[in-house]
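**Student:** Sequence:
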Amino acid sequence: MISRALPLLVLALAVVGCASTPKTASKDSGPAKKSPSPNRFPLKIALYMDDDFRQHTYRERSFSVPLGEWLSRELPSSLEPLFAEIHVVPDQTTLDAEKKKYQAVLRPQIRFASYHPLFRERRTLLEPEGKVRIYTDWTLSDPAGRKIWIREIVGRGEGDDKSRSRLEAAVQAAMADLFKKLHIALTTSTRVYNYAYGSPQR
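Using our numbering, read the sequence shown as starting at 106 and increasing by one per residue.
Among these hints, one or two may not hold up.
Said to hold, decoys possible - The calculated label-pair distances, taken between Cβ atoms and stated as ranges, are: (1) S169 <-> Y298: 34 to 44 Å; (2) K252 <-> T198: 16 to 26 Å; (3) Y298 <-> F168: 40 to 50 Å; (4) R261 <-> A202: 21 to 31 Å; (5) A189 <-> I289: 16 to 26 Å; (6) K252 <-> I289: 25 to 35 Å; (7) F168 <-> G303: 41 to 51 Å; (8) G303 <-> R164: 43 to 53 Å; (9) E190 <-> S294: 12 to 22 Å; (10) T292 <-> V259: 28 to 38 Å; (11) Q277 <-> A249: 30 to 40 Å.
Claimed, not checked - Here are the simulated DSS-like pairs of lysine-lysine, each with C-alpha atoms no more than 25 Å apart in a straight line: (12) K236 <-> K286; (13) K206 <-> K236; (14) K204 <-> K149; (15) K236 <-> K204; (16) K149 <-> K286; (17) K205 <-> K252; (18) K252 <-> K149; (19) K252 <-> K206; (20) K285 <-> K252; (21) K236 <-> K149; (22) K204 <-> K252; (23) K206 <-> K149; (24) K286 <-> K205.
Simulated from the structure, these hints should not be mistaken for lab results. For clarity, every value in this text was computed on a predicted model and none was experimentally measured. We put the CB at the ideal spot given by N, CA and C, even for glycine.
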């Protein structure tokens, strides 16, 4: 009796297994859903970099680094993924004359920069790597000058070379860190988001 029932049981299990296979396949088949990529803020921005910002120079003994020049050269392109348009503005006169071209003004300011240890032509392998910090203030305002968002951001970087290029490498690393933190601060700000998607001037 058992020997007769065994083939029927095996057949039944095979039928159930075949019936369940299409379900599993249909669940896993098809293109995977991609998470949506973040959109740019629908804002036209005036990036106000005045003379104090563009000409800021870091000096250390017998050498200097044109920190403001480097930042002003790279900052506009770093902000392109965040805003619909970016207009670089060098002075208050231009800012006032072009008010109708933008919905907000982003103004960076360099408070100071530091480098440790002090640069010396001769170094030993026991000295720590050169570390740079760039202390900056950022203000996002509407065209009338009302503050929307204010933030202090410090960019940090290190250089691993045992020559003068150590400082320049550290500055570049600090700038990259600064831009990264700026992106995070802007994109996670409720104030910036609410202004961008609720501004009546858009």
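**Student:** Compare the structure with each hint and give your call.
**Tutor:** These are the hints, each one checked on the structure:
Our hint of 34 to 44 Å for S169 and Y298 holds, since their Cβ atoms are close to 39 Å apart. One distance hint, 16 to 26 Å for the beta-carbon pair K252 and T198, holds here, with the actual separation near 21 Å. Restraint check, Y298 to F168: a C-beta distance of roughly 42 Å satisfies the suggested window 40 to 50 Å. Evaluation of the 21 to 31 Å hint for R261 and A202 yields a failure: the beta carbon distance comes to about 37 Å.
At about 20 Å, the CB distance of A189 to I289 agrees with the hint of 16 to 26 Å. Look at K252 against I289: about 20 Å separates their beta carbons, and that is not inside 25 to 35 Å. F168 and G303 have their C-beta atoms about 48 Å apart, which keeps the hinted 41 to 51 Å range intact. Checked against the hint of 43 to 53 Å, the pair G303 and R164 passes, with Cβ atoms roughly 44 Å apart.
Under the hint 12 to 22 Å, the C-beta atoms of E190 and S294, about 19 Å apart, fit the expected range. For T292 paired with V259, a C-beta distance near 18 Å fails the hint of 28 to 38 Å. For the hinted restraint 30 to 40 Å between Q277 and A249, the CB-CB distance of approximately 37 Å keeps it satisfied. With a C-alpha separation of about 18 Å, the suggested pair K236 and K286 falls inside the 25 Å cut-off, and the hint holds.
The straight-line distance between the Cα atoms of K206 and K236 is roughly 40 Å, outside the 25 Å bound, and the hint therefore fails. Annotation: proposed proximity of K204 to K149 holds, straight-line Cα distance about 11 Å (limit 25 Å). A hinted pair counts as satisfied when its Cα atoms are at most 25 Å apart, and K236 with K204 does not qualify at roughly 40 Å. A threshold of 25 Å between alpha carbons decides the hint, and for K149 with K286 the separation of about 21 Å falls inside it, so the pair holds.
Restraint check for K205 and K252: satisfied, since their Cα atoms lie roughly 18 Å apart, inside the 25 Å limit. Of the pairs offered as hints, the one joining K252 and K149 holds, with about 16 Å between alpha carbons and a cut-off of 25 Å not exceeded. Of the supplied pair hints, the one linking K252 and K206 holds, its CA atoms being roughly 18 Å apart against a limit of 25 Å. Distance check on the hinted pair: K285 and K252 sit about 22 Å apart at the alpha-carbon level, within 25 Å; holds.
Of the supplied pair hints, the one linking K236 and K149 is violated, its CA atoms being roughly 36 Å apart against a limit of 25 Å. Our distance criterion of 25 Å between C-alpha atoms is met by K204 and K252, whose separation comes to about 16 Å. With a CA separation close to 7 Å, the supplied pair K206 and K149 stays within the 25 Å bound. Using a Cα cut-off of 25 Å, the hinted pair K286 and K205 is violated, with the two alpha carbons roughly 29 Å apart.
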